[in-house]
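So the sequences go chain by chain: S and B.
Read in our numbering, the first sequence has 56 at position 56, and its numbers run on one by one without any break.
Read in our numbering, the second sequence has 68 at position 68, and its numbers run on one by one without any break.
Just so you know, these hints were derived from the structure itself, not from any lab.
Some clues are possibly wrong.
Computed spacing ranges between beta-carbons, pair by pair [as the list claims (entries may be wrong)]:
| no. | chain 1 | residue 1 | chain 2 | residue 2 | range |
| --- | --- | --- | --- | --- | --- |
| 1 | B | G40 | S | S52 | 41 to 51 Å |
| 2 | B | R67 | S | E17 | 43 to 53 Å |
| 3 | S | Q104 | B | A2 | 21 to 31 Å |
| 4 | S | D39 | B | I12 | 34 to 44 Å |
| 5 | B | T53 | S | E81 | 40 to 50 Å |
| 6 | S | R61 | B | N77 | 39 to 49 Å |
| 7 | S | G16 | B | F60 | 23 to 33 Å |
| 8 | B | S51 | S | N22 | 16 to 26 Å |
| 9 | S | K68 | B | L83 | 15 to 25 Å |
| 10 | S | G41 | B | R67 | 24 to 34 Å |
Residues from chain S that face chain B, not an exhaustive set, calculated with beta carbons under 8 Å [to be verified]:
| no. | residue |
| --- | --- |
| 11 | V27 |
| 12 | S28 |
| 13 | R31 |
| 14 | P40 |
| 15 | K42 |
| 16 | G43 |
| 17 | P44 |
| 18 | Y51 |
| 19 | G54 |
| 20 | F72 |
| 21 | R95 |
| 22 | Q96 |
| 23 | F99 |
| 24 | S101 |
| 25 | G102 |
| 26 | Q104 |
By construction, the Cβ of each residue, glycine as well, lies at the ideal position given by its N, Cα and C atoms.
Here's the letter readout for the chains.
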Amino acid sequence: EDQVTQSPEALRLQEGESSSLNCSYTVSGLRGLFWYRQDPGKGPEFLFTLYSAGEEKEKERLKATLTKKESFLHITAPKPEDSATYLCAVSGSARQLTFGSGTQLTVLP
Amino acid sequence: KAGVTQTPRYLIKTRGQQVTLSCSPISGHRSVSWYQQTPGQGLQFLFEYFSETQRNKGNFPGRFSGRQFSNSRSEMNVSTLELGDSALYLCASSQGTGIGETQYFGPGTRLLVL
Numbered sequence: 001e002d003q004v005t006q007s008p009e010a011l012r013l014q015e016g017e018s019s020s021l022n023c024s025y026t027v028s029g030l031r032g033l034f035w036y037r038q039d040p041g042k043g044p045e046f047l048f049t050l051y052s053a054g055e056e057k058e059k060e061r062l063k064a065t066l067t068k069k070e071s072f073l074h075i076t077a078p079k080p081e082d083s084a085t086y087l088c089a090v091s092g093s094a095r096q097l098t099f100g101s102g103t104q105l106t107v108l109p
Numbered sequence: 001k002a003g004v005t006q007t008p009r010y011l012i013k014t015r016g017q018q019v020t021l022s023c024s025p026i027s028g029h030r031s032v033s034w035y036q037q038t039p040g041q042g043l044q045f046l047f048e049y050f051s052e053t054q055r056n057k058g059n060f061p062g063r064f065s066g067r068q069f070s071n072s073r074s075e076m077n078v079s080t081l082e083l084g085d086s087a088l089y090l091c092a093s094s095q096g097t098g099i100g101e102t103q104y105f106g107p108g109t110r111l112l113v114l
């Protein structure tokens, strides 16, 4: 059974204070690891897909990295508009996504 | 390109009733997946449809069902509603041609069961 654990559950940062979110996973045959951002009352917004260990992707202040056991979402110099819940999900041998419980990020001005 | 759309956005039902939710995928996407999101359980997979066939199913009771039409639009139905069915129901679409494809989510339907 695929499992995803995200940490921390909640993170409060000052504007400009860089940090990282962790996603540890157990999956039989990783087909893809996905990062989404979710604002309250809205559907998850796609950020990144990673397929193999060593892969990295960047978008504005966000950078996602992947190892064989975990993924990190690095946030550089965050702004208040980066406040959201960040979700990690994996796709294994089945086509469904297995999600972690998310990290709720708050960036204070 | 338009995103995934879901209707209605909000629903209030009472226990024992049934409900039907609708999802229109991104144009050209043939796979539609449904997820339930609750504060306690997070996001959980319900089922996936491709070319009008259910291709994968999560661990939910038979009260939860779905279907897909020839234009890839999908509906899910929940019969005999229970209080615990209150949740945000999310639809996601992908091209459907390979495992590990990115899924794009709609805004969700918020269901409240009283």
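Can the suggested window of 43 to 53 Å be confirmed for the beta-carbon pair B/R67 and S/E17? holds, 48 Å
For the range 15 to 25 Å, tell me whether the beta carbons of S/K68 and B/L83 fit it or not. violated, 42 Å
Can you verify the interface hint for S/R95: is its Cβ closer than 8 Å to any Cβ in chain B? holds, 5 Å
Does the Cβ-Cβ separation between B/S51 and S/N22 fall within 16 to 26 Å? violated, 38 Å
Next item in the hint list is S/R31. Is there a CB on chain B closer than 8 Å to its CB? At about 3 Å, which falls below the 8 Å cut-off, the nearest Cβ of chain B leaves the hint on S/R31 intact, so it holds.
Mind checking the hinted window 23 to 33 Å against the Cβ distance between S/G16 and B/F60? violated, 44 Å
Quick check on S/S101 please, does its C-beta sit within 8 Å of some C-beta on chain B? Since the shortest Cβ distance to chain B is 5 Å, the answer is holds.
Taking the least C-beta to C-beta distance, is S/Y51 closer than 8 Å to chain B? With a closest approach of 7 Å, the S/Y51 hint holds.
Does the closest beta carbon of chain B sit nearer than 8 Å to the beta carbon of S/Q96? The hint holds - S/Q96 has a Cβ within 8 Å of chain B, the shortest such distance being about 4 Å.
Status of the given 40 to 50 Å range, CB of S/E81 versus CB of B/T53: Between B/T53 and S/E81, where Cβ atoms are some 41 Å apart, the hint holds.
Indicate whether the distance between the beta carbons of S/G41 and B/R67 respects the range 24 to 34 Å. holds, 27 Å
Any CB of chain B closer than 8 Å to the CB of S/G43? holds, 4 Å
The structure shown violates the earlier hints numbered 1, 4, 7, 8, 9, 11, 12, 14, 19, 20, 26.
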